[in-house]
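Go ahead and model the full structure; you've got the sequences and the hints to work with.
One line per chain: the protein sequences are E and X, in this order.
Residue numbers are given in the numbering used here: position 297 of the first sequence equals residue 300, and the series is strictly consecutive.
Residue numbers are given in the numbering used here: position 75 of the second sequence equals residue 116, and the series is strictly consecutive.
For the record, the hints were derived by calculation from the structure and aren't laboratory data.
Since we're looking at a predicted model, the values are computed, not measured.
Among the clues, some could well be false.
Coverage of chain X stretches by chain E, computed from C-beta distances (three or more under 8 Å per stretch; other residues unrestricted) [said to hold, decoys possible]:
| id | stretch |
| --- | --- |
| 1 | 105-117 |
| 2 | 187-199 |
| 3 | 207-220 |
The beta-carbon is built from N, C-alpha and C at its ideal position, and this holds for glycine as well.
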Amino acid sequence: MESKVNYTLVGLFVLLLSTMLIAFAFWLGKHNDDESHYRHYKVYISESISGLAPEAAVKFNGVDVGLVESIQINPNNSEEVELVLKIQKETPIRTDSTATLKFFGITGLAFIEINGGNKNSPLMITSDTDLAVIPTAPSLIKRLDETLSTVITKLSKTLDHTNAIMSDENTQNFSQTLKTLKILTQRINSYQDEIDLLLKNSIQTGQNIDQAMLKVGDSASSVKSSMDTFKVTMSERLSPTMKSWEATSKKTNALLEKIESSMERGDYDLKSIATQSTVELNERLVQSRILQNEMEITLKSLRESPSDLLFKQSKPNLGPGE
Amino acid sequence: MKFFITTISISVLLTGCFTMHPSTHEYTILPSYIPSKQVTQSVNATLKLSSTRSITSLASTQFYYLKGTSTIGAYVYSRWADTPSAMIDRAVYSSLQNQELFSTLVSSTSNVTADLLLESDLNAFYHRFHDDSTSEGFIDITYRLINPKTKTTIATKRFIIIEPSPSKDAKGGVIALNQATHELSNQCIAWLNTSIKDSTWKK
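Next up, the structure:
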């Protein structure tokens, strides 16, 4: 029996199915790669990104939200690596969100983890022409590295200081101090009896002082009563004297006021009174001095030749040209 | 007898009165008039000139001459009319008044309270003779400008003036000392002018 197959229909069916499969594949691919569902951000990392490759996952608080689109050295700063992240547009990347490099367990594969930031912070705005930059936080390895470096540095300094403290000289001094302390302790032990005696004496002295203070208190009371008596006596006897003194003081004050007013009027301006007289006196003194000199000269000549007073016999020493 | 003794005694006593001596010349130093003004700007202050103090021998009207550096003598028939200090004071006062360096000038006897005081010490005022038969007028005087309010010295200067004498007698000495006094006045005014301008003194 020979089947009747319509090869034309089979061919058409195959062609139609193939076309539909291809169309479905294109539709599926286009749907998944729809760029309109993603936004691009830049991240600059200043540490090694070993283990991170293009297409690596980008997680937002542990949720896959995109992938690393490209990796390159920052053309403006060779110390940084520039990453372009492709992240779903629904992802709430905020201005205080930070990107951190993390690793999957011990496999060495890395991904980018984005921390959400504060929910009240504004969303980060990015565009295809001007990509927003997500700030980075140091990775765990970097933090560990920095912390370990700091710890090692401090440990090294501590060891240096310890070495300096535990030098041979200090060790010897410490040993010497311990020996001295030992000797001192032994001596204190040997003086134990004397210390006990001293303490007993101190207690006795304290008791004596208490007794003495009681006696001083009695004496003070006696002195106080004597002073009260003295005060009463003095007030009784001095009262008339003080009254007389007060009256005298008032009279003296009145007299002083009169003298002061006279002084202010210039009645006793001794300076102006004396000035004129002083000037005249000075002139007289100058003239007296001249007269005194002349008299000295005359007396000197008489002393040299007393007969000149009567006979004028001596010849004076004439000056040049006389 | 009494008359005889009295006559003899009076005759002996009057012998001295009959001694004949040449007449004594008295000299003075007149203030000079300086025709041109040395001072361009007057100081608005009152200056009092204190009397010049001198060593004892110069506080008389004797006209002293000096031979060499230590022999001193006085002319017998020549005298000064006033003491050297008084003559110098008069000359300097007159020159200062003539130059109008200070707005007011008062003498030492004035009652006016002065802004400045000029003191002086006269150490030499002699007609000095040298061994080489030359002679000169020689003045050595020190001036001090004082602020009487603070009792502090503003400036001090010693002037030693020497002027040659035209003749080796008292008259030549008078001429030389006259010239020296005038020169002293000029130098003193110049010094006062400079001292006031250079000092920080304020009225």
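These are the hints, each one checked on the structure:
Check result for the stretch 105-117 of chain X against chain E: holds, 5 residues qualifying (beta carbon to beta carbon below 8 Å, three or more required). A stretch counts as covered by a chain when three or more of its residues have a beta carbon under 8 Å from one of that chain; for the stretch 187-199 of chain X and chain E the count is 0, and the coverage is violated. Counting residues of the stretch 207-220 of chain X whose CB falls under 8 Å from any CB of chain E gives 6; the rule of at least 3 is met.
In summary, the one numbered hint that this structure violates is 2.
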